[in-house]
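Colleague: Chain residues, written in single-letter form:
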Amino acid sequence: MTHPLDALYRDIILDHYRSPRGVEPLDSADVCTRGSNPSCGDELQVQLKIKDGKIERAAVKARGCAISVASSSMLTEVIEGMTLDEAVEYGEKIRKMMHGEELPDDIDLGDLDALKGVRKFPVRVKCAMLAWVAMLDAIRKYRDGEPNDSNIEITTET
Amino acid sequence: MTTLDALKIRKDFPILQREMNGHPLAFLDSAASSQKPNQVVAALTEYYHKYHANVHRGMYTLAAEATELFETTRSKIAQFIGANSTREIVFTRNATEAINLVAYTWGETNIKTGDEILISEMEHHANLVPWVRLCQKTGAALRVIPIDSDGRLDISELDTLLNAKTKLVALTRMSNVLGTINDVAPIFAKARKLGAVTLVDAAQSAPHIGADIAELNCDFLALSAHKMLGPTGVGVLYGREELLNAMPPFLGGGEMIDQVTFEKITYNELPHKFEAGTPDIADVVAFSAAIDYLNALGMDAIHQHETEITAYALDKLTAHPWLTIYGPQSAENRGAALSFTIEGIHPHDVSQFLDSAGIAVRAGHHCAQPLMKALGVDATTRASFYIYNTNDEVDRLCAALQDLRKFFKL
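Note that the protein sequences, when read in sequence, are chains V and Y. With the first sequence counted from 1, adding 15 to any position gets you the working numbering. With the second sequence counted from 1, adding 994 to any position gets you the working numbering.
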């Protein structure tokens, strides 16, 4: 039986929500930022370990709705190994996609393709973008030499 | 069937006949803002069609008529809350602005370092943020009455929290999250004996159980029209006349003055001293129709309906082990704001699912972040009921929650 929300809550999204990847905090992150949607209760903390201009490891501790948690989980998988420039470019592409722009065919979104369903629910776009906005902010902070956000204890709920 | 004939009442609210996402709308978010009956909408339209002119100034008949309508609402509010005089009724934009008015005028001239302001852990940001800011500005200390495990005020330490240094006690009469109806009168009585001023946030309570300033023992009271069938853009500050007279004005401009030169300004008498500029005339006039509507039903009957639907909803919702209701678990001294969480799924996703079934609820922190922290949650889903809601809608909510668990494979 189909349901109008099937496009939003694709199985892959619920899978990432139930078993988010990249939640283990990094021992020594090079940059740490937090992002939040206080109006609906989503909070997350992005940590990046950067070596030779590449993202060696990414970790996101997210507490929030299925969309924000799933998106942050997918983010940790996809940006590892990217250079900072590549990660910024990719993040901007995700932002464009979420705001309805068509992407060139050669972009392989992998699991992130499932987030396209969020576009039909504009109120949820900011949930999907939360981790990406925080990631872009983290890279900007790193490049500008800004101090980290203090490590907020975000305990992930079951 | 409850005390009110909700089906008859619903006929006055055409919006309740609409669909949302292909299902009949079940509007369970009146705590955020109530729907308006035809009578209020008609009053608004009629005002603009027949009576509009700026108030308090015009020399022509039309302006006198508009002024009369405007001031009639003021009298009705004074009666509704049992105020002695219309001089004690100030129109603002909403309850939030009313409380800010007190903080900026009474607060800044009366609070200093070493003083204490007492609020509670369950306050809405409107009755929290202005006091935190005032304390930061003046060096006063903020004290907080905690909540107990039942979601009620824990007054076991009241004698410490409320003391000779306390200058203001500001409490909500009904929590927009927990539904708790607070017995503020004895707390305010103690406060007044100690020389403190008392303020009640009646934004949630006035629409559902009425407000009587003598019963409440309050020096100030704030409410919002839009939560009690009235239009948006209108709030009320009640203030005891002696206090309002002693307070400096809030906003400056036309209407609130008496004599103006570049060197010196004298101010208008109450309540106009606190009503600078052209007010939201049309919405104040339409608010009158809302008060009439509530009075016609009777606040006692409304309160009774509230208790009945709350009891019904609590009974059905607490039956599920996977659902946690916050606040008092019984309908006694409890209003119909029901915040809950469902195991394994975030409130935001709960709301999304209910939305797809035509059910409007709210998710988030409900403008009460410290309360969320005290409850140990980031966010809850909240269903709230008012005069036009029925037990059938409670049933629909429960059925949808069962469907939700199937959809998310919980």
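Since the hints were made in silico from the structure, they are not lab data. Treat the numbers as computed from the prediction; the structure is a model and nothing was measured. Think of the CB as a built atom: it goes at the ideal place given N, C-alpha and C, for glycine as much as any other residue. Among the hints, erroneous ones may be present.
Pairs of lysine-lysine residues, derived as DSSO-like cross-links and limited to a Cα-Cα distance of at most 27 angstroms, are as follows [to be verified]: (1) K1400(Y) x K1310(Y); (2) K69(V) x K135(V); (3) K108(V) x K131(V); (4) K135(V) x K1367(Y); (5) K141(V) x K1106(Y); (6) K135(V) x K1310(Y); (7) K131(V) x K1403(Y); (8) K1310(Y) x K141(V); (9) K141(V) x K64(V); (10) K156(V) x K135(V); (11) K141(V) x K131(V); (12) K111(V) x K131(V); (13) K1106(Y) x K1184(Y); (14) K141(V) x K111(V); (15) K131(V) x K1400(Y); (16) K141(V) x K108(V); (17) K131(V) x K66(V); (18) K69(V) x K108(V).
Examples of chain Y residues lying across from chain V (beta carbon under 7 angstroms, computed) [what the hints assert, rightly or not]: (19) N1078; (20) H1342; (21) D1343; (22) S1350; (23) A1354; (24) G1358; (25) G1370; (26) D1372.
Far from chain V, some chain Y residues (derived; all Cβ distances over 12 angstroms) [to be verified]: (27) K1002; (28) N1015; (29) Q1130; (30) D1206; (31) P1243; (32) N1327; (33) I1339; (34) D1397; (35) K1400.
Colleague: Which of the stated hints cannot be reconciled with the structure, identified by number in ascending sequence?
Modeller: 2, 4, 5, 6, 8, 10, 17, 19, 23, 25, 28, 33, 34, 35
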